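Q: As a plain string of letters, each chain reads:
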Amino acid sequence: MAFSNLKLIVRKTRQDLFKEKRNLLIAITVILFCFLSIAIGFTKYSENFSDIKEYRKEIRENWEYRPDKHPHRMAHYGYLVFRIGHPLSIFDTGLDDYLGNVIFLEAHKQNTANLSEAGSSGILVRFGTFSSAFILQAIVPIIIIFLGFGLVVQERENATLKILNVQGASARDILWGKILGLWQFSLLFLLPVVPVVFLAASLSESTTAADILMRLALILPAYMIYYFFFSTLTVMISANSRNTSASLISLIGCWLILVIFLPKGIQFASQNLNPTPSRIAFETQVEKDVLKVGDSHNPNDPHFKHIKDSLLARYHVKTTDELPINYSGLVMKEGEKISSKIYESHLEKLQIQYKKQQRLGEISGFINPVMAIKNLSMAAAGTDYYAYQNFQKQSEEYRYKLAQNMNELQIENISNSQPPPGEKPATVSNDKWKQFPDFKYEFTTLKESIWQQITTLSAVLFWLLLCVTMVELSAKKLKLI
Amino acid sequence: MLKTINLHKKYNDFTALRSLNLEIQEGEIFALLGQNGAGKSTTINILLGLIQSTSGDAFINNISVKKEPQKIKKHLAYIPETVLLYPNLTGIENLDFFSKIAGFTYSKKELSELLQRTGLQEAAHDKLLGGYSKGMRQKVGIAIALAKDAKVLLLDEPTSGLDPIATAEFTEIIRELGEEGRTILMATHDIFNAASVATNIGIMRQGELVQNVPSKAFSAEELQELYLKTI
Amino acid sequence: MKHYLYKQFYRNKAYLICLILLFLAGLSSLYTGKKFLDKNEDIINKSARYQKESLEKNIAAHSDNLGLLLYYVKFNLVNKTPKLSALNIGLRDLKPSIQGVTIRNLEEQKNNSDFFNPANAAVGNFDFTFVLVFLFPLVIIAFCFNLISEDQEKGTWKLLSVQSTNLLKLTDMKILIRCIVIIALYFLLLIIAALFVKIPVDMPFIIFIISGLLYILFWFVLCRWIISFQKSSASNALTLIIFWIGMNFITPMTGNMIIQKIYPVNEGMKAQIEQREGYHNKWDEAKAPTMQKFYQIYPQFSKYKVDENISSSYVWYYAMQHLGDVESHESSEQYHTKMQSRNDAAVYLGYLFPTIHTQLVHSQLAKTGMENQLQYAEGLRTFHEKQRLFFYPYIFSQQNADVIDWSKQTVKSFSDAEKVNLLQVIIPYFIIITLLTILSQQKFGKLC
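So the protein lines, in turn, are chains A, B and C. No gaps in the numbering here: position 278 of the first sequence is 279 in the numbering used here, and each next residue is one more. No gaps in the numbering here: position 79 of the second sequence is 168 in the numbering used here, and each next residue is one more. No gaps in the numbering here: position 321 of the third sequence is 394 in the numbering used here, and each next residue is one more.
Keep in mind that a hint or two might mislead.
Quick list of the computed label-pair ranges, beta carbon to beta carbon [what the hints assert, rightly or not]:
| no. | chain 1 | residue 1 | chain 2 | residue 2 | range |
| --- | --- | --- | --- | --- | --- |
| 1 | C | N382 | A | P303 | 51 to 59 Å |
| 2 | A | L33 | B | L217 | 30 to 38 Å |
| 3 | C | G319 | B | N177 | 41 to 49 Å |
| 4 | C | S486 | A | T428 | 25 to 33 Å |
| 5 | A | L26 | C | L94 | 49 to 57 Å |
| 6 | C | D357 | A | K402 | 22 to 30 Å |
| 7 | C | N239 | B | E202 | 53 to 61 Å |
| 8 | A | R23 | B | V299 | 47 to 55 Å |
Using 30 Å as the maximum straight-line C-alpha spacing, the simulated DSSO-like pairs for lysine-lysine come out as follows [to be verified]:
| no. | chain 1 | residue 1 | chain 2 | residue 2 |
| --- | --- | --- | --- | --- |
| 9 | C | K227 | A | K480 |
| 10 | C | K119 | C | K343 |
| 11 | B | K223 | A | K20 |
| 12 | A | K306 | A | K319 |
| 13 | A | K110 | C | K227 |
| 14 | B | K198 | A | K480 |
| 15 | A | K293 | A | K334 |
| 16 | B | K160 | A | K478 |
| 17 | B | K216 | B | K198 |
The hints are simulated quantities; they were obtained by calculation from the structure and are not laboratory data. Remember, predicted model here, so these are calculated numbers, not experimental data. Positions of the beta carbon are idealized from the N, C-alpha and C atoms, including for glycine.
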């Protein structure tokens, strides 16, 4: 009996929402906006992808067809690598706009990824990016609020609430019935978008359909839980408000706090609790530390003098010119190792600060479901901070390999003695260039992203449980008159 | 059968009900009179299980309201003072919905018959409730109560705002229900209507039942005098 | 009679809570701004020391090889950060306020971004302009949405229309009270800002204040128009919130998306590729044509000849570096032009939407917007050229580092001299405020 009452109320709530022409109009408008953003995102992504394919080809060709030259020149010529976002960035742009798109990899120096989309846009970009994820995360909740703010309080004002109860519908039936009815209607905003995203992402050809499917399989239930939260919130506040105006205003207040204030507040707190150095401070510190250990370009540097002496002793010669191996290549290799290590350790400290800031954001998912869904959505779409760190890591590994490869070539192939004046400096044949492989960027796997976001995943599940608990507790205290 | 034992309700520093003791048998129509704020609606709300009494208990067909608030609802039917229902459904749809909630599924013919019994013309059955007059809405409320086929009926000022014809139609239905053996408690201001249909009359003042008399003992005017004297 | 209207206002607890929350938000934003400014000033102050230390170290290591010395040494140019930027952080959290460049080619160096956490940047800044543009309207909506409908729903409207001959004046009086309170809070926050952050009361600050004031007036007139339709409270709240969402989120986002589509900026990447090829290719080419091109640009250096067979020469090296810049110059210019076009398009969009207009105007005044960044980039180019032309003769003639007065090589500042056009700021506000006033007057005429 109780279950059928629940079904009756769910059905009625859902039907009432569907019946209103205005509601259907809103739903269609929202879905169309989502489709628009997906369409534009798709064209932008495809264009970008084909541009980058061309650039990569150009860079590779230029690399392979460089003439014979000294490997150290090649190490300075370096490589340009381009970042390509995950195709699901069409759905959730995440941090994409703020991430650099090209890194110049060269010897002795670690560069940042530059030319982010935001860096080339003006103030408008700070208003936010127009993606389906934004609409689904920020706009649909307020629509849910507008559709549902009167669900309980209006019935109380019309005295139909107590009649429902007298007819046999328990408070529990009434609350769950309204929540589920509202939630089912809210899915109307979500369900049509998912297959379109799948289609657009698959057409982009930069990753497998299976990968996209798996990620969407995570996104869909996450958003469903998110809408369940907002449906619960709406009905709970409706049930506990004195009149419809109070209900609406409280709900709008909640939306503001959850969607606007708390995220900014958390960001502010995380920045101040875990401050990071500016670029110039960072570089100066690295420079200082490198010079403390040894400067590979300075022939009188003590660290390298030590290496020189030990080498001379080992090969029983008096000057570096007499060494059988290319001394400057060796020095360069050592220098590369030192500066790389020092830069790495400083970068790691910086990354730890960023990670701490990130952690705060993830933990805030437990007090703000909007943060939880934002983080989870970004992770599943491959546009979160971890995916970006992965790109930086892969680029740095490639850079180090390139520099050391060139140093090896120098050590093995370039004679140690200085060429007599007038003669061209020693070179290495250019088919060595072709032997060095191209940069292949691998997208972060979903498993890795999720493992990084375990906290966020738990937060989403936490909110599900909390909602269920709150409804059960609230049912006992529902004011029927 | 309806019984209250020392029913007491206190809000902060205001006592709405003081030790109410009431007993209404099957087939009895009890009219509860009193000024606004005397405690009539509070009594009915407690009997309906909508609010909790501070102390004391009430029994509907020997089931305790305090201990089993959901169970008693199966035995109760209720007609509120202002019947608003759902304006976006028709009269018949409203009746159907509330009957289904109570666990009764009627065919369209049966629903129509129920509405006709209350005096609602057939032409109005399929019109949206938002367009009904107050009297028409009241009739739907009565139909909902009838459809539940409950043994105990609680009515809160059922004839307020009704025209004389509707009032007469309503009174007839109540009399029939009483003859069928149902227990009826009716809170009302309409002394004359109470005198004509009720078996017993109770007068409440400041939360207490100060008079409990059979209606046959008085004429309508005498009843009015008693009322004015009591309050 | 008027003082009863005041009483009705301040006895409303909900209103007081709104005002207190808005005030606290304003204070937080001022704190954020001050912290940002302090961090910025700290970086700039430290940079003088860094540059000096770096110079000393490098001079000690390479005093006899000026070409190699200048390969390493970075010269810093500061983008002056006015105190007003504490109220509008704009792009300054993304783009560095100080950039260091060597005299090697500029194209490779100028796009070096600062270190920032993209997750934080994506959320945006909680500065005073944010509070003004996003939060003030919400409080204004909360104050005004049920001015008429509350009375109508309570039933006192009918009574008022019988008692009073001019309901319009009564409603306007109520709006005026709310307007005065909000403007008072606005000025209170500005005074605290001026004292706490020590903002000089100059022309930019005054225009800043005026623009904010007009923005507040715009919202009051918008509310006045919406409530004149005499719909229910819930309907008014819904409509006004939709306006708020539309103007603060949907329009700027859609606008930005469309602008990004119309003006794609792949020239930036192209320039980077061209510069790299342009410079590195020269290593494999004959020196003569390279030097020829260099002498054409800078005839004053044609006396420094480069022997074809020499293995390395700093004259040749720096010539190659500069030619890398020359070859990527066109793409670089196009990139800048595109960014300028993007900004112009945003400004035009702002003429229609006061939310966007206020943000753009404020960032322009605080020198934190795109215009300032483009000017700074140009300033950096000029600075770079100056440094190069100063050092070239010393390098080319292979002099020792001692001959240069290094104490003069301090951190330099760039000041953006662009003046803001007052009319261009004020007129869009006036147009829309006048329009809304006329519309609401029409509707109010039907009030009684």
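Q: If a hint holds in the structure, say so; if it does not, say that too.
A: Results for each hint:
Between N382 (chain C) and P303 (chain A) the C-beta distance comes to about 36 Å, which lies outside the given range of 51 to 59 Å. For L33 (chain A) and L217 (chain B), the hinted distance range of 30 to 38 Å is satisfied, since their beta carbons lie about 31 Å from each other. Evaluation of the 41 to 49 Å hint for G319 (chain C) and N177 (chain B) yields a failure: the beta carbon distance comes to about 29 Å. In this structure, S486 (chain C) and T428 (chain A) break the distance hint of 25 to 33 Å, their C-beta atoms being roughly 46 Å apart.
Between L26 (chain A) and L94 (chain C) the CB atoms are about 33 Å apart, so this pair departs from the stated range of 49 to 57 Å. A C-beta distance of roughly 24 Å is found between D357 (chain C) and K402 (chain A), which places it inside the suggested range of 22 to 30 Å. Look at N239 (chain C) against E202 (chain B): about 58 Å separates their beta carbons, and that is inside 53 to 61 Å. Distance hint check for R23 (chain A) and V299 (chain B): the Cβ-Cβ separation is about 54 Å, which falls inside the suggested range of 47 to 55 Å.
Distance restraint check for K227 (chain C) and K480 (chain A): the Cα-Cα separation of roughly 23 Å lies within the 30 Å cut-off, and the hinted pair is therefore satisfied. Distance hint between K119 (chain C) and K343 (chain C) is unfulfilled; the C-alpha atoms sit about 35 Å from each other, more than 30 Å. With a C-alpha separation of about 25 Å, the suggested pairing of K223 (chain B) with K20 (chain A) holds against the 30 Å cut-off. The suggested pairing of K306 (chain A) with K319 (chain A) holds, with an alpha-carbon distance near 13 Å, which does not exceed 30 Å.
Our distance criterion of 30 Å between C-alpha atoms is broken by K110 (chain A) and K227 (chain C), whose separation comes to about 72 Å. Proximity of K198 (chain B) to K480 (chain A) is assessed by CA-CA distance (about 36 Å); at most 30 Å being required, the pair is judged violated. For the hint pairing K293 (chain A) with K334 (chain A), the CA-to-CA distance comes to about 17 Å; that is within 30 Å, so the pair holds. With a C-alpha separation of about 18 Å, the suggested pair K160 (chain B) and K478 (chain A) falls inside the 30 Å cut-off, and the hint holds.
Distance restraint check for K216 (chain B) and K198 (chain B): the Cα-Cα separation of roughly 16 Å lies within the 30 Å cut-off, and the hinted pair is therefore satisfied.
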